[in-house]
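Chain D is already provided as a structure; the job is to place chain G with the ligands on it using the hints.
Chain residues, written in single-letter form:
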Amino acid sequence: MNCVLELKNLGFVYGKGTPFEKRAVDNVSLTIKRGEFIGVIGHTGSGKSTLMQMLNGLMRPGEGQVLLDGRDIWEQPKKIREVRFKVGMVFQYPEYQLFEETVYRDIAFGAKNKGLEGDALDKAVRDAADFTGLKPALLDKSPFDLSGGEKRRAAIAGVIAMNPEVLVLDEPTAGLDPMGREVLLSQITRYHKECHNTVLLVSHSMEDIARVADRIIVMNKGKLAMFEPTKEVFRRGDELSRYGLKVPQITNIMQALRRRGFDVPEGVLTVDEAFDALLPLLQKEGKLW
Amino acid sequence: MRDVAFGQYFPGSSLVHRLDPRAKILMFIAYIVIIFCTFNYAALGITTAFTALFLILSGISPKFYFKSLKVIIFIVIFTSLLNLFYGSGAPIWQWWIFRITPNGIHRAVFVTVRIICLILASSCLTFTTSPTELTDAIERLMKPLKAVRFPVHEIAMMMSLALRFVPTLLEETDKIMQAQKARGADMESGNLFKRVKALIPILIPLFVSAFRRAYDVATAMECRCYRGGAGRTRMKQIHLAARDVIAFVTLALVIGGVIVCNSLMSGVL
Ligand SMILES: Nc1ncnc2c1ncn2[C@@H]1O[C@H](COP(=O)(O)OP(=O)(O)OP(=O)(O)O)[C@@H](O)[C@H]1O
Ligand SMILES: [Mg+2]
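The listed protein sequences derive, respectively, from chains D and G.
Per my numbering, the first sequence starts with residue 1, numbered consecutively.
Per my numbering, the second sequence starts with residue 1, numbered consecutively.
Only chain D is shown next, with the shape it has when bound in the complex (with noise of 0.2 angstroms):
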């Protein structure tokens, strides 16, 4: 089977029947491939937090299934915990989850609850924590006296070291400074090519999104408003821009030259794409050099 994740017609309205009912996701359908990086942006409050607790069963949805490899994961609510372990879910701000004495106790929680002893515990938790980027020296420290980005690294690395088959991270990088946002992403890609797992990334970041994923979901007001290749979804700039998006800058700035009647490649989404586009252009023209 080659699809992980199947989304039908799903649905969730919050406080169902009170004054304050909110329908956050509404009648959402798609499918993700095994071993996809997929992108998940939409305006502030368009459902992306809400859907991703769907993934995993921290939220039932009140209308639609999820299937997870072909099941519904709901089939059985008594097993939904298993479902955790195969959809790993990062929160926003997840350095608030951490607890125990130490960060690599911490970071093992989640594998110890899965069933991971000895050897195979300390291997997931030393290569999550690699995976992230946290020094080994800092694995005996108390989660409480790390920083604020070594706080994240240390939740991320307790979701990874359960080693799921599909990672959900909701905005891993809010709130982290320019240095720390890259090489966080940078870990999160390598993370995706070595293990093969199928990531999801929620992101306002159009740049980071357009650097990592394959496929993009766009969500507006609940709905699924687009899912696309990542080309396709930033060709399509006045579309983004109803939903309250925009395309990279540098999209527009190629756009533009494009418009100027500059001869430079249509959908390019990254500054390094922008730069093996634009040096034989300056080339032909000798003006460099």
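Treat the hints with care, as some may be off.
[To be verified] Just a few of them, taken from the derived set where beta-carbon distance is under 8 angstroms, the chain D residues facing chain G:
1. L58
2. F85
3. P94
4. F109
5. G110
6. N113
7. K114
8. L139
9. S142
10. F144
11. V159
[Claimed, not checked] 30 angstroms max Cα-Cα, derived DSS-like pairs, lysine-lysine:
12. D/K79 <-> D/K112
13. D/K86 <-> G/K197
14. D/K123 <-> G/K70
15. D/K123 <-> G/K194
16. G/K175 <-> D/K8
17. D/K8 <-> D/K22
18. D/K135 <-> D/K114
19. G/K175 <-> D/K78
20. D/K112 <-> D/K141
21. D/K22 <-> G/K67
22. D/K78 <-> G/K70
23. D/K8 <-> D/K231
24. D/K86 <-> D/K141
25. D/K79 <-> G/K197
26. D/K78 <-> D/K8
Since the hints were derived computationally from the structure, they do not count as laboratory data.
Note that the Cβ used here is the ideal one computed from N, Cα and C, for glycine as well.
Just chain G with the ligands now, kept in the frame of chain D:
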């Protein structure tokens, strides 16, 4: 966890919403006394009708009142059963150790109606009065205690801060629980010891964040030069209005009615 109806405030502009919160608290206290001083069905009927009047005037959907009753349904059933079987007098029905007397039936009815009325009335109070209004009113009502050096303002400030953080902490608990569940924390199975142990991953982050918030609030208050109650004025003044007087008169009539019923007719308890 967040759909507990009991104790929630529903903004609105009904007559009950607009009553002076001080009047509402005083009436509530008087009401508690009356409901336990009803000794026959006529008196009980008057107070029940009075409760119903307020519930209707509050303009809040009966659904929420039912929801608040759901929490205590077992207490009601339990106490009324106890009363049913422990009445005095000649039994009208008997089986093994269970005996039901007319007195037992009356007592069961009274205790059920009283508890239900109490819960409905307190729900009505909290549904229609915001926590700020409540603490404000309590502060005003306790003002005379200042004469004996009772720190009225400080207590009220502590109360309103505590109330302010109840929803925040609930939300936080929810969030932390979700995060730990995502890491496979098992909170629903196992024996008592296991379950208590399962609370640690939730309580520790909760305490850490509660302390952090407490420090933040303290700093924020200091930055705005808060230095206790002396000389502080209020942005919102509360005044007694005609509707409050009418409410008091109605309450007085109910009290009068209950007294008359109690003295004219014989008690059934
Ligand atoms: N616990 C809750 N109770 C009630 N309403 C909620 C709750 N959580 C979210 N909502 C509402 O549901 C909608 C979707 O929220 P959600 O958190 O999924 O948005 P989001 O896309 O993740 O936003 P952001 O980018 O700001 O994280 C919002 O309008 C929000 O107000
Ligand atoms: Mg979110």
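Checked hints:
Taking 8 angstroms as the C-beta cut-off, the interface hint given for D/L58 holds, the closest approach to chain G being about 5 angstroms. Hint on D/F85 holds. Least Cβ distance to chain G is approximately 6 angstroms, under the 8 angstroms limit. At its closest, the beta carbon of D/P94 sits 6 angstroms from a beta carbon of chain G; the interface hint therefore holds under the 8 angstroms criterion. Hint status for D/F109 relative to chain G: holds, with the closest Cβ pair at about 6 angstroms, below 8 angstroms.
The interface hint given for D/G110 holds, since its Cβ lies 4 angstroms from the closest Cβ of chain G, which is under the 8 angstroms cut-off. The beta carbon of D/N113 comes within 3 angstroms of a beta carbon in chain G, closer than 8 angstroms, and the hint placing it at the interface holds. This hint holds: D/K114 has a C-beta 6 angstroms from the nearest C-beta of chain G, less than the 8 angstroms allowed. Taken as an interface hint, D/L139 does not check out: its beta carbon lies about 17 angstroms from the nearest beta carbon of chain G, beyond 8 angstroms.
Restraint check, D/S142 versus chain G: the minimum CB separation of about 11 angstroms is more than 8 angstroms; hint violated. A cut of 8 angstroms between beta carbons decides the hint on D/F144: the least distance to chain G is about 7 angstroms, and the hint holds. The criterion of a C-beta within 8 angstroms of any C-beta in chain G is met by D/V159, whose closest approach is roughly 7 angstroms, and the hint holds. Only pairs whose Cα atoms come within 30 angstroms are accepted, and D/K79 paired with D/K112 is accepted, the gap being roughly 17 angstroms.
Restraint check for D/K86 and G/K197: satisfied, since their Cα atoms lie roughly 24 angstroms apart, inside the 30 angstroms limit. A threshold of 30 angstroms between alpha carbons decides the hint, and for D/K123 with G/K70 the separation of about 50 angstroms lies outside it, so the pair is violated. About 27 angstroms separates the Cα atoms of D/K123 and G/K194, which keeps this hinted pair within 30 angstroms; it holds. Distance restraint check for G/K175 and D/K8: the Cα-Cα separation of roughly 26 angstroms lies within the 30 angstroms cut-off, and the hinted pair is therefore satisfied.
Proposed proximity of D/K8 and D/K22 is supported: the alpha carbons are some 20 angstroms apart, at most 30 angstroms. The straight-line distance between the Cα atoms of D/K135 and D/K114 is roughly 24 angstroms, inside the 30 angstroms bound, and the hint therefore holds. In summary, the hint linking G/K175 to D/K78 is supported, as the alpha carbons are separated by about 21 angstroms, within the 30 angstroms threshold. As the CA atoms of D/K112 and D/K141 are separated by approximately 19 angstroms, the hinted pair is consistent with the 30 angstroms bound.
Distance restraint check for D/K22 and G/K67: the Cα-Cα separation of roughly 20 angstroms lies within the 30 angstroms cut-off, and the hinted pair is therefore satisfied. Pair hint D/K78 plus G/K70 holds up; C-alpha atoms about 26 angstroms apart against a cutoff of 30 angstroms. Proximity of D/K8 to D/K231 is assessed by CA-CA distance (about 25 angstroms); at most 30 angstroms being required, the pair is judged to hold. Of the supplied pair hints, the one linking D/K86 and D/K141 holds, its CA atoms being roughly 29 angstroms apart against a limit of 30 angstroms.
Restraint check for D/K79 and G/K197: the C-alpha separation of about 21 angstroms stays at or below 30 angstroms, so the hint holds. Of the supplied pair hints, the one linking D/K78 and D/K8 holds, its CA atoms being roughly 21 angstroms apart against a limit of 30 angstroms.
Violated hints for the displayed structure, listed by number in ascending order: 8, 9 and 14.
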